[in-house]
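> Single-letter residue listing:
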Amino acid sequence: MSQTITIDPVTRLEGHGKITIQLNGQGEVEDAHFHVTQVRGFERFSEGRPFYEMPSLMARICGICPVSHLIASAKACEAIMSVRIPHTAAQLRRMMNLAQMVQSHALSFFYLASPDLLLGMESDPKVRHIFGVAAAKPELGRAGVALRRFGQSIIELLGDKRIHPGWVVPGGVTEPLTSEKRDKILATIPEAYANIALALDAYKKIADTFKAEIAVFANFPSNYMSLINEDESIEFTDGALRLIGPTGNTIEDGITATRYTEVIGEAVEPYSYTKFAYYKPLGYPEGSYRVGPLARLNIVKSMGTPKAEKEFEEFKQLAAGPVESSFHYHHARLIEMIYGIEKIEEILTDPRILDKHVRATAGVNRLEGAGQAEAPRGVLHHHYKVDENGKITWANLVIATGQNNKAMNLGVLQAAKHYVKDGKFTEGILNRVEAVVRTFDPCLSCSTHAFGKMPLAITLISARGEELDRVVRD
Amino acid sequence: MNSDLDEPMHFEKANCLVLACGNTLRGDDGVGPRLAEWAAHRFRDDSNVRVLARQQWTPDLAEEIAASESVLFVDSSIDSAPGRVNLVPVATHVNGPEGATHGSSTHHIDPTDLLGLTHSLYGSMSAHAMLLTVGAGSTELGETFSDPVEAALPRARGVLEKTVLRFLEN
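In the order they appear, the protein sequences are chains A and B.
For the first sequence, my numbering begins at 1 and goes up steadily by one.
For the second sequence, my numbering begins at 1 and goes up steadily by one.
Honestly, the hints are just simulated from the structure, not real lab data.
From a predicted model like this one, the values you see are computed outputs, not experimental measurements.
Note that beta-carbon positions come from the ideal geometry of N, C-alpha and C, so glycine has one too.
Warning: the hint list may mix true and false statements.
Claimed, not checked - Looking from chain B toward chain A, a few residues come up when the C-beta cut is under 8 Å (computed):
#1 Asp113
#2 Leu117
#3 Leu121
As the list claims (entries may be wrong) - Residues of chain A clear of chain B, computed beta-carbon distances all greater than 12 Å:
#4 Thr250
#5 Glu345
#6 Ile347
Input sequences plus hints: build the corresponding full structure.
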């Protein structure tokens with residue numbers, strides 16, 4: 001008789017989800033799925049709206065990464081306008097996107113992942129959360145809070161709000177940076193360096209104790225996709241996409257926003273409202289790929305800033321080719337935070353950063369436009385069509401979590417097969433299965449554009465389809 | 001008065017922090033931010049009062065609380081009769097991490113847990129902490145308040161003002 005284990009809800013994620021693990025008659029794991037079970041529909045209700053409203057509408061998709069949606073959306077609008085934004089506007093947007101990356105990665109590492117990493121996968125679930133981390137490692141808790149504040153304060157200073165800021169508009173930004181704001185941000189840089197150094201040092205000390213998890217946390221060959229600069233350094237806001245294969249070989253390069261429909265398809269599985277993105281020439285599921293911090297560090301040849309470069313060189317020693325285990329997303333995230341802080345400092349010392357010319361204007365010059373930008377958890381694409389009056393007639397979004405969907409599902413299966421034996425499971429085992437998903441830091445609200453609560457559970461289902469056990473956490 | 005928009009990059013030591021919570025797009029749930037707006041104006045010339053309004057109370061706010069000697073939390077309540085204004089002390093005993101009521105959530109924590117987190121992280125505990133609530137009648141989509149909550153606003157403002165002034169005297 002087979003069984004199914006359900007983990008519902010999966011905790012410490014952006015959003016909510018469910019995991020089911022199907023066992024065969026011998027109690028061995030046969031299959032496993034990560035379910036995203038709601039739908040929202042931003043693409044549909046934006047139809048009929050003026051295109052210039054899209055950035056502020058699309059930012060509402062997510063409270064964690066609204067800036068990336070703002071930027072990808074503004075770029076799609078600029079394609080419709082056929083304008084090139086001023087250099088200073090591009091740099092200011094880049095800074096805001098990096099500030100968001102730092103605060104989002106801090107949330108992922110310190111609030112969501114660190115309870116597992118610092119307290120242990122088998123630690124008492126009653127204390128395995130941010131309160132437990134604060135009690136056991138207050139210095140790291142303070143560093144996390146401070147790094148969140150660092151990124152959020154920059155977003156607030158530029159866009160007036162920490163969540164769903166304005167300021168980024170089609171054509172650039174609404175107002176230039178003042179010297180007072182620049183100096184305020186620069187004054188916070190040293191503290192940010194100190195805090196990320198503390199976190200990276202703590203992570204390196206414990207990483208080796210997770211060898212067993214590293215071996216089975218979505219540790220398999222795959223394709224990877226991210227933006228990259230022409231000089232092959234890391235890029236979050238501009239550049240073009242590169243797709244590499246399992247050995248690090250470049251499959252396709254220079255994929256601009258307008259070409260994404262040629263190369264990216266979206267498959268549908270019956271158990272999830274999140275689509276499964278894939279590289280069209282390879283088909284589905286062979287063309288599935290990973291995005292986000294691990295993908296970016298596997299693709300780029302350099303970080304482009306000194307402190308991050310030093311850590312990147314060490315990271316590359318983890319494997320001869322691409323670093324495969326998704327456990328290493330945590331490490332990659334910390335290195336990207338260093339890069340973000342360094343790059344923000346570099347941008348602020350650009351002599352042109354206080355230029356007043358920060359916005360280009362134009363009307364509708366094309367009836368279709370696409371834009372892409374890196375969100376903290378991976379690249380996202382916005383694609384719009386408009387009528388001659390500039391009203392949206394069609395919109396499509398491809399979001400990071402959908403692009404990681406296949407890898408997350410395979411990762412859950414890999415971990416479940418390793419840990420669940422003879423139909424028996426413990427809380428610590430189920431936590432490890434959840435922790436696989438956490439490494440990707442998925443944003444389920446973004447990926448489904450879902451509205452409302454979506455709890456995540458683990459269910460144990462028999463071969464006859466009967467629900468034998470169920471763990472639900474609100 | 002320090003508002004979050006005036007000084008977003010630094011935390012100035014304030015005698016009193018008014019920390020409101022609510023969604024201004026969900027009817028009476030927005031009463032906290034509305035009262036915070038009033039408080040920011042009322043105490044605009046007093047550098048000892050800092051006012052913050054957030055959609056949710058999150059762990060990040062521990063840093064703000066640690067920089068304050070007293071805290072007044074302001075929120076709507078679905079457990080009280082619509083329009084009822086309540087002022088209650090927030091327990092300032094130190095809960096261990098196992099006592100956290102919203103442990104797995106980073107999106108919303110209650111005042112007691114927030115004070116406990118502040119103590120764990122910064123070793124400090126506010127001398128005074130109170131929770132001011134206004135009973136919600138409707139939290140449906142909308143930017144207006146129900147009649148009972150609209151009618152309760154003057155009383156809620158009065159309680160807020162009196163509490164802050166009392167904090168400042170201590």
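> Please flag the earlier hints that this structure goes against, numbers listed from lowest up.
No numbers; nothing is violated.
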